[in-house]
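Engineer: What follows is each chain in one-letter form.
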Amino acid sequence: MKNNSKHSKKKITPTENIGFSSQLTVTGNREAVLEGCREIKEYDETKLKFSMGNINICFCGNNLTIKNYGEDCAVICGEISDISFD
Amino acid sequence: MIIKFLKYIIGFVRFSASGGFSEMFINLCKTENIPLWNIKNSSGEITASTSVSGYKQLRSISKKSGMKMHILKKCGLRFWLAKNKVRSGLAVGVTAFVLILITLSQFAWRIEVVGNTEIEDTEILSVFEGYGVKTGAKISDLDLKNITEKVLKDIPELSWAKVNKKGSMLCIEIREKRKIPEFYDDSVSTNVVASEDGLVLSCDVLRGTEEIKVGSAVRKGDLLISGIVTHRDGSEETLHADGIVRAETKDNFSVSRQNFNVYTLKDYKKRYEIFFFGFVIPIGINPTGEIISENASYLQSGDAVLPVGLIKTTGLTFSENPSEDNEMQNLICLFKCAEHIYELTDNAEVKSSKITVNQSETDFSCGVYSTCEKNIAELKEIYIEKN
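Chains as they are written, first to last, in our numbering: chain A, 1 to 86; chain B, 87 to 473.
Calculated directly from the structure, the hints in this document are not laboratory data.
Mixed in with the good hints there might be a few duds.
[Said to hold, decoys possible] Lysine-lysine pairs mimicking DSBU-like chemistry, simulated, CA-CA at most 30 Å apart: (1) B:K126 - A:K49; (2) B:K236 - A:K67; (3) A:K41 - B:K126; (4) A:K67 - B:K169; (5) B:K160 - A:K67; (6) A:K49 - B:K116; (7) B:K93 - A:K49; (8) B:K116 - A:K47; (9) B:K154 - A:K47; (10) A:K41 - B:K159; (11) B:K142 - A:K67; (12) B:K236 - B:K251; (13) B:K236 - A:K47; (14) B:K93 - A:K41; (15) A:K49 - B:K159; (16) A:K49 - B:K251; (17) B:K126 - A:K67; (18) A:K67 - B:K251; (19) B:K149 - A:K41; (20) A:K49 - B:K154.
[To be verified] Computed footprint of chain A on chain B, listed as stretches where at least three residues anywhere in the stretch have a Cβ under 8 Å from a Cβ of chain A: (21) 106-114; (22) 117-126.
[Said to hold, decoys possible] Short derived list, chain B residues pointing at chain A, Cβ under 10 Å: (23) G97; (24) S129; (25) G130; (26) I132.
It should be emphasised that the depicted structure is a prediction, and the values quoted were computed from it without experimental measurement.
By construction, the Cβ of each residue, glycine as well, lies at the ideal position given by its N, Cα and C atoms.
Turn these sequences into a full structure, and let the hints guide you.
Structural biologist: Rendered as structure tokens:
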């Protein structure tokens, strides 16, 4: 019997699917802590986009660095000028 | 801070990766649970830090994402030890430094007295020194609780004392007893009389009957406040009179050079001693002389006085016969006048002072004429004849 690849993936709850389990804490414009992020979609010095399930969160600014990138949490540092969701 | 320290102990690698898909590289690291921190991306090249074991796993990920990796820096104790393992001298030096530091931290480097207002530091320190609490003493050998109890018995003016250890410093915290206010002893009846001549400026009667008017002149011994009180019914009572009577007084002081003899310095001997953590190492023999003085200077680091220093002992021997050094005698006269003015300010407010100098071929004298404002009240016991 052929193993279906869809079944081997982690089950995603409805709240996770629409990004409700995520949490964003911004300290000034220098640091942001993002919980519940799945993966990095785009990353360069001025733009950093994370996938949160069905929504993406995008940080724009200068000298953006990821201070810490754990299992479910990312600490973004740098000069954050804009945060947007798409 | 603790995490940084732990990372340094465990060791980590700072690396760069370029030429592929940086986002994919980071996401794969996350999937494989490889820790990454301080990730920077500048024009396609990422730099990041990871653990030593994590870096070994990164090779397969870099292949998948098409990145080429380079180690920028290896940080941590394990790398430092590996680099310096042949430098045995350094290891010996570090070990010796740590041992010396541990040994020296067991001794009292400095002793400080806090909380005293009336009792001098030196008096308290000398009593504690008698029980072994001194610079250079081994702190663990001191039974501070027992010593404090003994000191409290030795100095009755103290109400509370505690010796606190602050690293290698001992801080003696004390509280002095509050003085009991003096109560009038009516078994001894007194009058208040003038202690010297003057012009009365104010009179504050605390107890007794006022006998003078403000603005009147009084002579030494005149009655100012009477200790005999007459009641309305005509009866009389003696009590302990008291009060403050401020008056303008004149003070004359003169001195002649004939009063002083000057002896020339015949011999001067000195000896140095090294003070090191309570141990005194003499260099040379004890100096002899009529006047022996000691001067100690200690090493200082900021406000902290270190228990390392140099003690200088000097012995002075003077000529047996006085010399004819008139200039020096004149200077002493002037100095005595200045000293007298300074002493006057202890219990009087000096309004004005005039210094006069008389110099002739054979003599030199100088005088101070001062106008002062002071309390001239003096208690004098009333003696009552018993019939």
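Engineer: For a quick check of understanding: which of the numbered hints are violated here, in increasing order?
Structural biologist: The structure conflicts with hints 2, 13, 16, 18, 23, although it agrees with all the remaining ones.
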